[in-house]
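Work out the full structure: start from the sequences and follow the hints.
Protein chains in written order, with the numbering used here: chain A, 1 to 115; chain B, 1001 to 1553.
Note that these hints are calculated values from the structure, not bench results.
As the structure is a computational prediction, the values presented were derived from the model and not from experiment.
Glycine included, C-beta positions come from ideal geometry on N, C-alpha and C.
Among the hints, erroneous ones may be present.
Restraint-style ranges between C-beta atoms, simulated for each label pair [to be verified]:
hint, chain 1, residue 1, chain 2, residue 2, range
1, B, R1170, A, R92, 49 to 55 angstroms
2, A, L31, B, G1362, 42 to 48 angstroms
3, A, Q18, B, K1349, 29 to 35 angstroms
4, B, D1191, A, V32, 15 to 21 angstroms
5, B, D1191, A, V36, 24 to 30 angstroms
6, A, V32, B, A1160, 58 to 64 angstroms
7, A, Q107, B, R1248, 35 to 41 angstroms
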Amino acid sequence: MNRPGRDDAPDRLYTITQGRSRTDPDNPFDLVTLVVAESAPAAGMQSEHVAILGMARYPTSVVEIAAELRLPVSITKVLLCDLLASGRVSARHPHRPAITDPDILEQVLVGLRNL
Amino acid sequence: MNAPTDPGDRPSLRTFVPVLAVAATLSALVVYAAVAAAPAPVRAPLAWGGGAAAVVLSAAVATAAHALRTGRAARHRLAGVTQDIGRLLQQQARATEEARQERLRLTDELTRQRGEFAATWAAERARLEQQDAVEAERLHRENSYLASELEQARRERDAAISATSNAAARMQALATAMLADLRAMEERHTDEDVLADLLHLDHRTAQAGRLADSIAVLTGARSGRRWARPIGMESVLRGAMGRIAGYRRVRLHSVSETAVAGHAAEGVMHALAELLDNAANFSPPTAEVHVYVEEVPAGVIVSVEDSGLVMGEVQLRRAERAVSGDVSGLGGLTGTRLGLAVVGRLARKHGLKVSFRPSARGGTGVLVLVPQDILTTPAPAERAAATARPVAASPAGDPVTVEAAPAQESDTPATEIGPAGLPRRRRGHTLAEAGRTRRPHDDDQRRAPDADAGRARAARFSSFRKAVRPTASGSRQAGPEPAPPTPGTAPGDHGASTSHSTAPDGQSAEAPRSAMGYDQTASPRESVSHTAEHTSPATSSQPHAHPEGDTTP
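Written out as structure tokens, the structure is:
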């Protein structure tokens, strides 16, 4: 078992985002937004940005990126917003599931309960 | 007196003339009587003869008279001179007598005075000696008093420093624990408002921790925490940034790939934090502080440039002296100016060289040379940890790797099989070597992705969770786990490694695998976050743990 404060990274979350923890309400990212890198990492970039660009060479969801970075989703969103603003990533929303009928969902729920 | 003769004493014409006249008259009368009495025929010759005889007689009488007179004068003068000599002799004798008496008197006087003086001096000396003795006694008492005072002051100072350092160490421990707790809370709470508040608290706690660190450094205690692995330069700079109030104004320009050895990282971070804090405090609240990192043969130069106050010549010299580490006393410290003294202590401890100069930005520039001997190249594990990204690793318990690693000792020197069947990095080798040597086997395995492997991994991970959870939730302070999963080998990480390391293989192979990887890894990753939520903060950073190096209490 490791002890607190000895094995975690020395950088605090607020230094990663320069103190920002919120994103604009109109940011396009939610947990399942797929992120795609639009360019290769450049020299001098923040290491998290480099990591995101490396991960997002193929469409990767926000929650997955957050888990890989071991950062909270909010922090990840801030980083992604930075990258989006600089045009290095683009956000794609996943296709809506075909089944959106509440009746079907309800039937599924009932079926699940009956299991 | 042997004076020249008086004019009266000298035979003169006046004494000469009467004698001559009397003799001449008498002889003339005699001659006339003789002539008158003589017959006529002899008168003439008689007259001539008588005349001549008379003249001669007169002359002889006059001469005799003169001689008589002269002799009398000479006798008279002789008597005078003799008298004078006697008088002079008497005078001399008198003077001699007087002189002798005077000498005796003076000698007596001198003897008497000498005696007096000797007595006075003796008395004075005795008095002074007594005074000296008294004074010496007093000074001795004073000295022993001061010595005891000094001893007491020293004891009190030592006690105060020890108490302070103890308290600082406890504050450090508290701050460290609070930071870990806060980090765990930040992971747990997804609400943005809560997160913002937590970050705020995190920042405050980090600053408090820095203050505790400063006090600990100044009181000679060891630095608060030690990192078990090298810390990348970016993380060092960010760690330093995170501990100052004005971190938002700091701009990092770091392209350095070097890392600071774990034992020195905390000190370097702390010293940089103090310098950054100085730079931020002594520049306008809107000005930015720029940090550049440059690799040089002697090490890494970190320069901190602000655009604030320009330090004067005297201030620069004072600052240089403060950071040189030569000043070891605590004198001259004030509550608000600890920074440079702290930097000096840390610079001395870790061999940093700090110099000040006017900055091209208009303010002051600080150059910190981090020497080569506390620098290392970051292991991939470290870099991954720095980016908070789990390390790519082979499938846990990959049979080929397990069998191959011990057999091919020369080929796979860095790989070892841990008790849990996971490949483990051997001390002194980087995980990259392990990864490189393992790569061919991985590729063989990965070229035939099948659902069974995914299920096996998921099953393995769930057993891993079972193993971890009771320990983690049981007690955070438990000792090192007997068989901790090696860094980056948590199965949950595998999805990333697959998509990451095989990305260059090609799009055709990628599409099905990425979809499959997502399916396979979705549940483990969810489990990771689940685990992190329900266990201690220590567990959340579990995959960072090194099985080694963490030997200090």
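What are the numbers of the hints that this structure violates, sorted from low to high? 7
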